[in-house]
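Assemble the dimeric complex from its two separately framed chains, guided by the hints.
Heads up: the sequence lines are chains A and B, in that order.
Numbering-wise (the working numbering), the first sequence opens with residue 38 and increments by one.
Numbering-wise (the working numbering), the second sequence opens with residue 44 and increments by one.
It is worth saying that the hints were derived from the structure and are not from the lab.
One or more of the hints may lead you astray.
[What the hints assert, rightly or not] The calculated DSSO-like cross-link candidates involving lysine-lysine, where the alpha carbons are at most 30 Å apart (straight line), are:
1. B:Lys308 / A:Lys216
2. B:Lys68 / B:Lys84
3. A:Lys161 / A:Lys256
4. A:Lys195 / A:Lys161
5. A:Lys205 / B:Lys308
6. A:Lys270 / A:Lys40
7. A:Lys256 / A:Lys44
8. B:Lys72 / B:Lys258
9. B:Lys308 / A:Lys195
10. B:Lys246 / B:Lys258
11. A:Lys270 / A:Lys161
12. A:Lys133 / A:Lys44
13. A:Lys159 / A:Lys251
14. A:Lys205 / A:Lys195
15. A:Lys44 / B:Lys177
16. B:Lys308 / A:Lys133
17. B:Lys84 / A:Lys159
18. B:Lys308 / A:Lys40
19. B:Lys84 / A:Lys161
20. B:Lys123 / A:Lys195
21. A:Lys256 / A:Lys159
[As the list claims (entries may be wrong)] With the Cβ distance kept under 10 Å, some of the chain B side facing chain A (calculated, not the full set):
22. Pro194
23. Thr201
24. Gly207
25. Ala291
26. Gly301
27. Thr325
28. Ala326
By construction, the Cβ of each residue, glycine as well, lies at the ideal position given by its N, Cα and C atoms.
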Amino acid sequence: MSKFIAKRILSVVPVLLVVSIVIFSLVHLVPGDPAAAMLGDLATEQDIAALRTRMGLDQPLARQYFIWVGNLLRGDFGVSVVNNETVASMIISHIKPTISLAIYSLCIAACIAVPLGMIAAKNKGSAADHAVTAVSLAGISLPSFLLGLFLMLLFGVKLRLFPVSGYKGLEEGLGAHLKSLTLPAIALGFMNAALMMRMTRASMLEVLGSDYIKMARAKGVREFSLMAKHALKNTLVTLITVFGQSIIQALSGAAVVESMFAIPGLGQLMVNSIGRRDYYVIQTIVLLIAVFNVLVNMVVDILYGCVDPRVRVN
Amino acid sequence: MREGAIPIGLSYVSDGPDEMEQLRKSLEKEQRRIQIRRFTKNRGSVFGLAVVTVMVMLAVLAPLICRYDPLALDTVNRLKGSSAEHWFGTDSMGRDVFARVLYGARISLTVGFLVGITTGFLGVLIGLYATTNKVADNILMRICDGLKAIPSTLLAITLMTVLGADIKNVIISLVVVSVPGMARLARGQAMVVKEQTYIESMKCLGAGKTRILWKHIAPNIISPVIVQVTFVFASSIITEAALSFLGAGVPAPAPSWGNILNEGKGVIYTAWWLVLYPGAFTALTVLGLNLLGDGIRDFIDPMSN
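In isolation and in its complexed conformation, chain B is listed as follows (with noise of 0.2 Å):
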């Protein structure tokens, strides 16, 4: 005799994969909305999230925004205050100060986010491999630590002035400066998965070392990875500026935030035009960042708050 049962639970199972699917779809879709409410809910990751976007937008779209040429000279209108000309006023060699800062907005957030992915790939990759091998891990902390006791901006400075003054230098001693703390906390962050369970299943499994590295590990310390690189992207901006301001950054006629500021601080008594504007685009997308890293780590991760 046939059980009356067997062909339900056929039935059931036959269209059990796509009621699973459904499931599945809708539980992630609820789950998405769930993160979107938490980033939402919090003002100040918005707002970040909006500073960051229209200064990314402005830099972007600088060259259709702006009516002067950032390195144009005008003699004639020199330290002028803003007008409908010129709305941030003009320098001492009467280029526009818009523009200035729009195309400073350009290097400036350029350095920060290359010096940022650049950090978080490398520090990924060594933490990461640091965790393989016990001798290599001693050696690569112990040269993490010795980077981080000497203070960041004063490695920079120090690289900076060994390297000379040139863009691509400035992302080179950024990066230097902030890979051992994002390597020491890939390294925590791989140190705890390694030990976890499904790891050593996929070793039982027979996985390749750098499978399980880059397949397995990687994507579950990539949150807090991401959090770091927002961080780094900010700090990196600040300390991009300081050099600059030194003379020890960009070098000079091309605009950046610092370079401007450097200029402004000559003529602060005359033209506070050339210090407001570039300082408060800086304050502001720096707080943009660290609102925007702030709001990402509650949006992956709810128990950290």
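Okay, chain A solo, but in the shape it has when bound (with noise of 0.2 Å):
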């Protein structure tokens, strides 16, 4: 077990050189000059050249890479040009928001899913199943920020029962908290949701085809503690794999979720930082949720060592 642990950690390594050399190279695909991009048309000639120095810009390339690299591992993830504020200070307070909603979407999509893709897996070919099936093809084809509109068109402007925008935070309580996120959570949950309900359909299907099921259905166990206890944990694998994609669609969905919402989170500073062409802030939180994927990935392939022994022989 430890062997394969191993293995796997190791095997991130790579990945996340990649992720930093190509998250580097972003900004110097700027055409023309970044720090004169960055600074727009106003600045001067001087304040373009410290900006150079500082941003270390007339380094070779190479060099630039490592002292970033340095700098990262540091916790020095540069700073912001718009109002001279480090850019981990900003991420550190616009990150609360965002774990609030991933979280929450995650709860509404895992509850509503999971059951679900049990009971249209139970009944199959029945209509409940259509339904089901049904609901997560619209699911897919439904991305959050169209769903996000439509909630708000449906939710907040005619039946006015949630309001459109205007977060507030957990220190206003938690009702009011959780209520301010409901329609953005929703938006974000539901293609999670769908994937899950069709995931959690299909790998129940394969287990209560199994014998063991039907032995123990022999056996006189209840259908109640069959479904939840026997065959739901032979899903689990699958459930593991969608629960990490999950958490990753959460936090990248945020962007527009967010911005649109008014959710003073990671998305909505990412996308302010755009037209401010604040280019450190929007590495620096794309790199952050990429290197999050790649350890989620790896503790999700550990967990499935953990849960399926077989896992580890490969």
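The following block contains the structure:
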């Protein structure tokens, strides 16, 4: 087991290397001078030259990369050109709403998707099954920002049940906090719910057709505990994978959904930085989410090995 | 003594090619019939095909259908609801939303189509050549893994910020985002085909590397690639709309579905039609493409289901 884990952890290194090189190169794709582009038309020659030195753009490319990585490892993500705040502190002040939103949307997705997927698999071919299949197809075709707009239209504008914008922090009470996040969380979670439903149904069907379920049924295991204990346990491998993907989906989808519902999270910070041409902020957020993605995939693979011993051998 | 069997045998052989040809033709016809039935039996894929066809027609015929220019301003009729004059109402500058949605279909479908085709071609190119050289394979696949580790919307947003809002840059960004998945798919398929006996026999016959790659391996990996192209088409429409919605996609006065939605979001309390119509068109097109992709997969490869 420890050999399996060590191997999996080591395999992360090349991916992280490529990710960091790609994200590093992005800033250098700016047509012309990145420093001039960041400061805009009003900047003087001296300002641009000063920023070039500060960004290290006068150094050779390879050296710039190593300096950048070194700084990253020490937790120094650079300084925003807009307000001279460090990128690290900007991220810390924006991370809370994003985490709340991601957790809330994942909870909604999992609570809807897993039971529905199981019911659909159990009554294969029934009306409920067709409904679940249709909903999961709709979910895959309905991107979060579109669903968000439709939800805004229906619940915010027509029915006035939920606020269209106006984020309330956790300090203002859990109820208000959740209420302000409900529409965005549904918008963000629906696609994940669709995916989870599909996967739960598929793997449940596979499990329900297996011999040990027949055996358990013959033994007289009650239907509920058959589903909840015997069958669900063996669909866990699939569910873990989907759940891992969903976390990343929730974080990356937040960019659009947060700026739409005016939630002061990382996504909104990123989108606002587009117009300001604040490359360091964008670069850092993308890097953090990509690294997190790699780590989540690694943990998922390791959990795989824990849940299903067969995986460890390969 | 001549055997009586020979003339019979000869005569059989002599009209053999004809008969064989006929048999082959009727078999092919039968197979196509089965494939078409398999496609039409699935109501979803027929619906998908219908939706996509209608969308393409609307986009192509937009100048004939619309009475208004999508860019023509009419400051008197601002934010008017739907009427006989303006079917989908007007926006905050008095532009006809129906015209903007149809012309938007042109932009969104063109972007999606170009991204799909380019991604398919580049993916196959990279996938095929990755199988020829171990070192290149390793490097290319590590790059693909790295690119895939960055969530696609975020990578697209970053690329657009760096390159600047422009329709050409939208296409470039979306291709960069979608190629790694396609290359991995093509490589995986090519790896399997490469080991088949007929490829070995082609090698023995002295066929060149390029010939084997493009004439013998490529046609055999094309079916899953086509299916994937449909899905890339669909997801590119979504991402383009998201980018334009954020103001980092197709630049403003041009009508793209994302642009109209972006504008509609600001006036959502007064002008719901600016959100509903372009949103419905986007969702319907993406749904149609996804269903069509599933249909094509069943059509080409019945075993996948």
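For each hint, the structure was consulted:
| no. | hint | in the structure |
| --- | --- | --- |
| 1 | B:Lys308 / A:Lys216 | 20 Å, holds |
| 2 | B:Lys68 / B:Lys84 | 24 Å, holds |
| 3 | A:Lys161 / A:Lys256 | 23 Å, holds |
| 4 | A:Lys195 / A:Lys161 | 37 Å, violated |
| 5 | A:Lys205 / B:Lys308 | 21 Å, holds |
| 6 | A:Lys270 / A:Lys40 | 25 Å, holds |
| 7 | A:Lys256 / A:Lys44 | 42 Å, violated |
| 8 | B:Lys72 / B:Lys258 | 25 Å, holds |
| 9 | B:Lys308 / A:Lys195 | 15 Å, holds |
| 10 | B:Lys246 / B:Lys258 | 12 Å, holds |
| 11 | A:Lys270 / A:Lys161 | 20 Å, holds |
| 12 | A:Lys133 / A:Lys44 | 33 Å, violated |
| 13 | A:Lys159 / A:Lys251 | 13 Å, holds |
| 14 | A:Lys205 / A:Lys195 | 22 Å, holds |
| 15 | A:Lys44 / B:Lys177 | 22 Å, holds |
| 16 | B:Lys308 / A:Lys133 | 25 Å, holds |
| 17 | B:Lys84 / A:Lys159 | 25 Å, holds |
| 18 | B:Lys308 / A:Lys40 | 53 Å, violated |
| 19 | B:Lys84 / A:Lys161 | 19 Å, holds |
| 20 | B:Lys123 / A:Lys195 | 18 Å, holds |
| 21 | A:Lys256 / A:Lys159 | 19 Å, holds |
| 22 | Pro194 | 3 Å, holds |
| 23 | Thr201 | 5 Å, holds |
| 24 | Gly207 | 7 Å, holds |
| 25 | Ala291 | 5 Å, holds |
| 26 | Gly301 | 9 Å, holds |
| 27 | Thr325 | 6 Å, holds |
| 28 | Ala326 | 5 Å, holds |
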